[in-house]
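Protein chains in written order, with our numbering: chain A, 281 to 390; chain B, 869 to 982.
Some hints here could point you the wrong way.
Said to hold, decoys possible - Covered stretches of chain A, going by a simulated chain B footprint (3 or more residues, C-beta under 8 Å):
1. 321-327
2. 341-351
3. 380-388
Unchecked claim - No farther apart than 30 Å at their CA atoms in a straight line, the calculated lysine-lysine pairs in the DSSO-like style are these:
4. A:K283 with A:K387
5. A:K377 with A:K387
6. A:K283 with A:K349
7. A:K377 with B:K933
8. A:K283 with B:K933
9. A:K349 with A:K377
10. A:K377 with A:K283
11. B:K933 with B:K875
12. B:K875 with A:K377
Note that these hints are calculated values from the structure, not bench results. C-beta atoms are modelled at their ideal positions from N, C-alpha and C, and glycine is treated no differently.
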Amino acid sequence: DAKTTQPNSMESNEEEPVHLPCNHSTISGTDYIHWYRQLPSQGPEYVIHGLTSNVNNRMASLAIAEDRKSSTLILHRATLRDAAVYYCILPPFGTYKYIFGTGTRLKVLA
Amino acid sequence: SAVISQKPSRDICQRGTSLTIQCQVDSQVTMMFWYRQQPGQSLTLIATANQGSEATYESGFVIDKFPISRPNLTFSTLTVSNMSPEDSSIYLCSVDLTAMGIQYFGAGTRLSVL
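When you get a sec, could you build the whole thing from the sequences and use the hints?
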């Protein structure tokens, strides 16, 4: 299973963009890259996922490196409600098994 | 998405007893998952519970300690048996609605064992 590496914590000012990195150098060609976040006292929440091309949705953008060994979750304008632990997950193709790493705790400053 | 309800939301139990946690989904799903989140830690997958088959447990988790039922496509239970203080954790269920590997999680059951 591909291993992910994320910084333990990051800070951002409110209404500024945030770039959350994830390294996954052992990713296989069929592994999708998923991002989830866990707000305090809640279960994880799906944010975005992608395979090769960059992806956008209403919550965030996902930028995937050309060699797929790293990716970046982009929050375009951080709000206080975005303070959470963000997880980058690579479920092996066909198994749907999620292996959660330590994630990145994002702190948003007012 | 889906509405996933877990009961109870929290409980305080005595060591040696058992607690059954319920997970109800508002739509039919094939794949359900149970996770444990120990204090200050990330989530760890306990087992995969597909309707019509026995649950598949991950390394370190056994059926005698964490029996799982999956009687239909909208419901599952996880029992934490013969509890000890080390079982104090948040237990979460999740479902894969789309068969694309996207999971939706319940809010969790916060268990404290005294």
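Each hint tested on the structure:
1. Against chain B, the region 321-327 of chain A contributes 6 residues with a C-beta closer than 8 Å to a partner C-beta. That satisfies the three-residue criterion, and the hint holds.
2. With 0 residues having a beta carbon nearer than 8 Å to a beta carbon of chain B, the region 341-351 of chain A misses the requirement of three or more and the stated coverage is violated.
3. With 4 residues having a Cβ less than 8 Å from any Cβ of chain B, the region 380-388 of chain A passes the three-residue criterion, so the hint holds.
4. At roughly 24 Å between alpha-carbon atoms, A:K283 and A:K387 fall within 30 Å of each other, so this suggested pair holds.
5. About 28 Å separates the Cα atoms of A:K377 and A:K387, which keeps this hinted pair within 30 Å; it holds.
6. About 11 Å separates the Cα atoms of A:K283 and A:K349, which keeps this hinted pair within 30 Å; it holds.
7. Between A:K377 and B:K933, the direct Cα distance comes to roughly 21 Å. Compliance with the 30 Å bound is thereby established for this hinted pair.
8. Restraint check: the Cα-Cα separation between A:K283 and B:K933 comes to about 28 Å, which is no more than 30 Å; the hinted pair holds.
9. Distance restraint check for A:K349 and A:K377: the Cα-Cα separation of roughly 20 Å lies within the 30 Å cut-off, and the hinted pair is therefore satisfied.
10. Of the pairs offered as hints, the one joining A:K377 and A:K283 holds, with about 13 Å between alpha carbons and a cut-off of 30 Å not exceeded.
11. Restraint check: the Cα-Cα separation between B:K933 and B:K875 comes to about 19 Å, which is no more than 30 Å; the hinted pair holds.
12. Restraint check for B:K875 and A:K377: the C-alpha separation of about 24 Å stays at or below 30 Å, so the hint holds.
In this structure, only the earlier hint numbered 2 is contradicted, and the remaining ones agree with it.
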